[in-house]
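Q: The chain contents come next:
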Amino acid sequence: MGTVLEMRATRILAPLLIGLGLLAGCGPLAGENPLAGLATRLTGGAAAEGAAPAGQVLGAGQMLTREVVESLPTDLILVGVPDRGVTAALLRAGANGPRETWISQDGISATLEAGLVVATRGFGFDLMAADVSGIRAVLRGAESGGYVRETLDGRDRVQRETFTCAVAEREADPVTILDRRYDTTRVLVVCGNDSGRFGNRYWIDRAGTIWRSQQFVLPGLGYLRVEKL
Amino acid sequence: MQVCRFSIVLAALVGSTGPMAGQTLDWPGSYTLYGTPGLLDMPTAGSDPDGRIAVTLGHFDGQLRGTITFQVTDRLSGSFRYGRNDDYVPEGSEDDPLFDRSFDLRYRLLDEGPLLPAVAVGLQDFLGTGVYSGEYLVATKTLTPQLRVTGGVGWGRFGSFNGVDNPFGLDDRPVYTVGDPGGDVNFEQLFRGDMAAFGGVEYRVTDGLSLIAEYSSDGYVTEIANGDFTHESPWNIGLSYRPRPNYELGLAYMYGSELALRGTITLDPTSRNSGTGLDSAPLPVFVRGADARAARTWDRGAIPDDRIVSAITTALAADGIAVRGVELSDRAVRVRYENTRYRSEAQAMGRVARVLTNAVPGSVETFRLEPVRRGIPLSQATLSRSEIERLENRPGAVEASLAAAGFGAPGPTAGLTDTGSFEGGFKWGLAPYGELGLFDGNDPVRGEIGIEATARYDATPNLTFAGAIRKSVVTSFDDPGSISDSTLPEVRRDRAVYAVEGDPGIEYLTMASHGRLGADLYGRATVGYLERMYGGVSAELLWKPVDSRLALGAELNYAVKRDYDMLLGFQDYDVVTGHLSAYYDFGAGWHGQVDVGRYLAGDVGATVGLDREFENGWSVGGYFTLTDVSAEDFGEGSFDKGIRVTVPIDWVLGQPTRREVSATLTSLSRDGGARLNVDGRLYEVIRDGHEPALAEGWGRFWR
Numbered sequence: 073m074g075t076v077l078e079m080r081a082t083r084i085l086a087p088l089l090i091g092l093g094l095l096a097g098c099g100p101l102a103g104e105n106p107l108a109g110l111a112t113r114l115t116g117g118a119a120a121e122g123a124a125p126a127g128q129v130l131g132a133g134q135m136l137t138r139e140v141v142e143s144l145p146t147d148l149i150l151v152g153v154p155d156r157g158v159t160a161a162l163l164r165a166g167a168n169g170p171r172e173t174w175i176s177q178d179g180i181s182a183t184l185e186a187g188l189v190v191a192t193r194g195f196g197f198d199l200m201a202a203d204v205s206g207i208r209a210v211l212r213g214a215e216s217g218g219y220v221r222e223t224l225d226g227r228d229r230v231q232r233e234t235f236t237c238a239v240a241e242r243e244a245d246p247v248t249i250l251d252r253r254y255d256t257t258r259v260l261v262v263c264g265n266d267s268g269r270f271g272n273r274y275w276i277d278r279a280g281t282i283w284r285s286q287q288f289v290l291p292g293l294g295y296l297r298v299e300k301l
Numbered sequence: 059m060q061v062c063r064f065s066i067v068l069a070a071l072v073g074s075t076g077p078m079a080g081q082t083l084d085w086p087g088s089y090t091l092y093g094t095p096g097l098l099d100m101p102t103a104g105s106d107p108d109g110r111i112a113v114t115l116g117h118f119d120g121q122l123r124g125t126i127t128f129q130v131t132d133r134l135s136g137s138f139r140y141g142r143n144d145d146y147v148p149e150g151s152e153d154d155p156l157f158d159r160s161f162d163l164r165y166r167l168l169d170e171g172p173l174l175p176a177v178a179v180g181l182q183d184f185l186g187t188g189v190y191s192g193e194y195l196v197a198t199k200t201l202t203p204q205l206r207v208t209g210g211v212g213w214g215r216f217g218s219f220n221g222v223d224n225p226f227g228l229d230d231r232p233v234y235t236v237g238d239p240g241g242d243v244n245f246e247q248l249f250r251g252d253m254a255a256f257g258g259v260e261y262r263v264t265d266g267l268s269l270i271a272e273y274s275s276d277g278y279v280t281e282i283a284n285g286d287f288t289h290e291s292p293w294n295i296g297l298s299y300r301p302r303p304n305y306e307l308g309l310a311y312m313y314g315s316e317l318a319l320r321g322t323i324t325l326d327p328t329s330r331n332s333g334t335g336l337d338s339a340p341l342p343v344f345v346r347g348a349d350a351r352a353a354r355t356w357d358r359g360a361i362p363d364d365r366i367v368s369a370i371t372t373a374l375a376a377d378g379i380a381v382r383g384v385e386l387s388d389r390a391v392r393v394r395y396e397n398t399r400y401r402s403e404a405q406a407m408g409r410v411a412r413v414l415t416n417a418v419p420g421s422v423e424t425f426r427l428e429p430v431r432r433g434i435p436l437s438q439a440t441l442s443r444s445e446i447e448r449l450e451n452r453p454g455a456v457e458a459s460l461a462a463a464g465f466g467a468p469g470p471t472a473g474l475t476d477t478g479s480f481e482g483g484f485k486w487g488l489a490p491y492g493e494l495g496l497f498d499g500n501d502p503v504r505g506e507i508g509i510e511a512t513a514r515y516d517a518t519p520n521l522t523f524a525g526a527i528r529k530s531v532v533t534s535f536d537d538p539g540s541i542s543d544s545t546l547p548e549v550r551r552d553r554a555v556y557a558v559e560g561d562p563g564i565e566y567l568t569m570a571s572h573g574r575l576g577a578d579l580y581g582r583a584t585v586g587y588l589e590r591m592y593g594g595v596s597a598e599l600l601w602k603p604v605d606s607r608l609a610l611g612a613e614l615n616y617a618v619k620r621d622y623d624m625l626l627g628f629q630d631y632d633v634v635t636g637h638l639s640a641y642y643d644f645g646a647g648w649h650g651q652v653d654v655g656r657y658l659a660g661d662v663g664a665t666v667g668l669d670r671e672f673e674n675g676w677s678v679g680g681y682f683t684l685t686d687v688s689a690e691d692f693g694e695g696s697f698d699k700g701i702r703v704t705v706p707i708d709w710v711l712g713q714p715t716r717r718e719v720s721a722t723l724t725s726l727s728r729d730g731g732a733r734l735n736v737d738g739r740l741y742e743v744i745r746d747g748h749e750p751a752l753a754e755g756w757g758r759f760w761r
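Line order of the protein sequences matches chains A and B. Sequence positions in the first sequence follow our numbering and run 73 to 301. Sequence positions in the second sequence follow our numbering and run 59 to 761.
With the rest of the complex left out, here is chain A:
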């Protein structure tokens, strides 16, 4: 995932470099020159700046096996961004009450509350905070519930949006994650307000554990696909 994020940056930078035909700077102070920094990042950066670790250490999704997961001392989740075509493994890094923060070695994190995304960091377009108590109530059988989302706009100001959510569909749909099959129900929760709507899918077992989900985070990032390993 780091690689792809890095490439996004590269795409933003490309016109700069084309326009200026840069040379890399050298010496400790050269790093203070924004132009020199750019050139360094683009020539050696992608490999040097930790784009690889998650893939090499933990393996990308297809390289992970059940044995690898079992052998690790910490829990793992897989987080994918379908719009960007990337997936990364995230390690459990901390908990604040029911909210667990999962983090990748290249500096991306997702915070989940009972499997529902309440925050992201390092994706560029990030969910700063969320209140998912309404969605949790809906999944437990309530007719409708609220969802509050906070993001930062381009000026670093907080934007708060409120949605109303309800279950639109429930259907038995077992999932298999790393050779392990779970007897789950797929629940479609649709949230909306005056400016738009989105649908989240949760694959939930009888005990209420969400094993797989596809949750809309915010425009600019799109959906996160989360699997509990």
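Calculated directly from the structure, the hints in this document are not laboratory data. Model, not experiment: these values are computed from the prediction. Backbone N, C-alpha and C define an ideal beta-carbon position, used for all residues, glycine too. One or more of the hints may lead you astray.
[To be verified] The following residues of chain B were derived to be distant from chain A, with all beta-carbon distances above 12 Å:
| # | residue |
| --- | --- |
| 1 | N224 |
| 2 | P225 |
| 3 | A283 |
| 4 | L297 |
| 5 | A339 |
| 6 | R358 |
| 7 | G539 |
| 8 | I541 |
| 9 | G576 |
| 10 | G660 |
| 11 | E673 |
[Said to hold, decoys possible] Just some of the chain B residues that point at chain A, by a computed CB distance under 7 Å:
| # | residue |
| --- | --- |
| 12 | P342 |
| 13 | V343 |
| 14 | S387 |
| 15 | Q438 |
| 16 | V456 |
| 17 | S571 |
| 18 | L575 |
| 19 | W760 |
[Stated by the list, open to error] Reference listing, derived: stretches of chain B covered by chain A, where coverage requires no fewer than 3 residues with Cβ under 8 Å from a Cβ of chain A:
| # | stretch |
| --- | --- |
| 20 | 323 to 335 |
| 21 | 440 to 453 |
| 22 | 746 to 758 |
Fit chain B to the given chain A structure using the hints.
A: Frame of chain A, contents of chain B only:
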């Protein structure tokens, strides 16, 4: 020290893809050949979105206009224009072709409603020589999703074709005589002279393509009289094509005789390609158990202080934050640090606070954070650990954590354990630089690319020796041109000579000391080759309480003019110059500054500046300087004025960095009202760590 100037700004323009999905306007208006919201040559009552910058280049029949338009507020916009007019003065005369700078203002009086049109009033070229001057009152109404009509009345240029007598009886409108200094507010011209009607229609063919027809009330009277401008018809037709939201191309057939071409790039400082930026995720907050929270102290035998200090220092170093000192007690921790990575000091505070939740024992409830810049502790923010634990990732956390934070003066240096993170000594660098000179005399664009060698020796956190030498590789600064006559000493007029002869040249070579002199008092002293054109001594005092929106400063300099070769020698001109300054943060992003004092040419006067600063680091503003130099002595432009833009590099790159680039576009840089450029002026060093700036940037505390 700023290394490259316009290059990044221009690259940002090219690199930006502008507003994000969901921000598209119903039917964005197009721009005129003057770079203003409008039809082809005539304005409409439309406005850009708040904060937008539109850069336009338009050309037809001897008219070349480069314009930057900034939507200052929702209703007010302003433009700065550099134009070349081949027909304004008779061919062969000294001023042919005529190069001219001009400023406009526009204000939208009424918003478009279901029945009423939008209405705007505009002053074009109200502050320049008056070559393009014209005023208008215009109304625009969208009749169907495909059809928009505009009608208005104009004076000056906009009243020069098929005009009628002035309805207010103000028939006398003095004309600009080439060679006059110009540059004053043209009060004797505004809304005077003949009045004429103009109008037009826009038809939207597709989302990106519109057809435009207009009836122009500009007769190009002077251009016809003095040049070979052909005016066959008042009707102009054209099209506007917008292949992407931020790029617009225009093609038109003007005045029955000429093809016109126009390109406009728009840039929205309020939107960012990279979202909140690609800054890596912070360490999550560690939440204490009930026992740890209730503890009054901890077992220092099991967890010695130095291990805690070392953990804090190491963890924050990985985040680009150098911890200078730590003070630990049973219930509180004080950390003094220098943030070298994040533009927003609030974001750095959030990072420090989260690391502290992981690093200090549970009995420590209060975090006191002291940001440092140039060796000066700026302030102390007091945060409650329990609140940090409670608010992480919760809606409302930004407001609540700001409300719970306390801001005050930093504590004493005594009591802090030195972490040894200050790396003094010698550092050097070799890097490319790019420089762009815009609107220099009759050379609208000049550029240079070369190599810059920099060196710095930090003797103490407060005392720095620094220098830089540049050598150009490719340059078009090869001809200084002629230096115009003036009764004033050559204090800035000859700056082009430095660019030509000072290659290689010493950009600066200084010893600078910054320090805190009292509770709210800061000081700076700088000695050496201060800038390209002057060396000498500069001393400054600044009074700025941490929670104050007001700051007061005093600066005194003795400056000697450097040799043109930009080596170590000096010329036979020296001056004592200095200012008393007042800075005020009005809130809502408005920031003002007034400087009163003596300028480089020995003239006495004041500079007034007003900037719109966005929370994300962008700033766009303007200033003017009035001194006891008369308009005649000042020369073209009458007095110094200009616009200035600051672009944060993290906005451009998406990567966290404290770098920014600033550019100033002046009407014409001359000798009156010229100030010394000294690096490290106190206000800019101090203010980011004080309460008003921290509060404005608090959105990034949790990022």
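Q: Against each hint, give a clear statement of whether it holds in the structure.
A: Taking the hints in turn, this is what the structure says about them:
no. : hint       : result
1   : N224       : holds, 44 Å
2   : P225       : holds, 44 Å
3   : A283       : holds, 42 Å
4   : L297       : holds, 27 Å
5   : A339       : violated, 4 Å
6   : R358       : holds, 26 Å
7   : G539       : holds, 26 Å
8   : I541       : holds, 31 Å
9   : G576       : holds, 31 Å
10  : G660       : holds, 36 Å
11  : E673       : violated, 4 Å
12  : P342       : holds, 4 Å
13  : V343       : holds, 6 Å
14  : S387       : violated, 26 Å
15  : Q438       : violated, 23 Å
16  : V456       : holds, 5 Å
17  : S571       : violated, 20 Å
18  : L575       : violated, 28 Å
19  : W760       : holds, 6 Å
20  : 323 to 335 : holds (count 10)
21  : 440 to 453 : holds (count 5)
22  : 746 to 758 : holds (count 3)
In summary, the structure is inconsistent with hints 5, 11, 14, 15, 17, 18 from the numbered list given earlier, while agreeing with the others.
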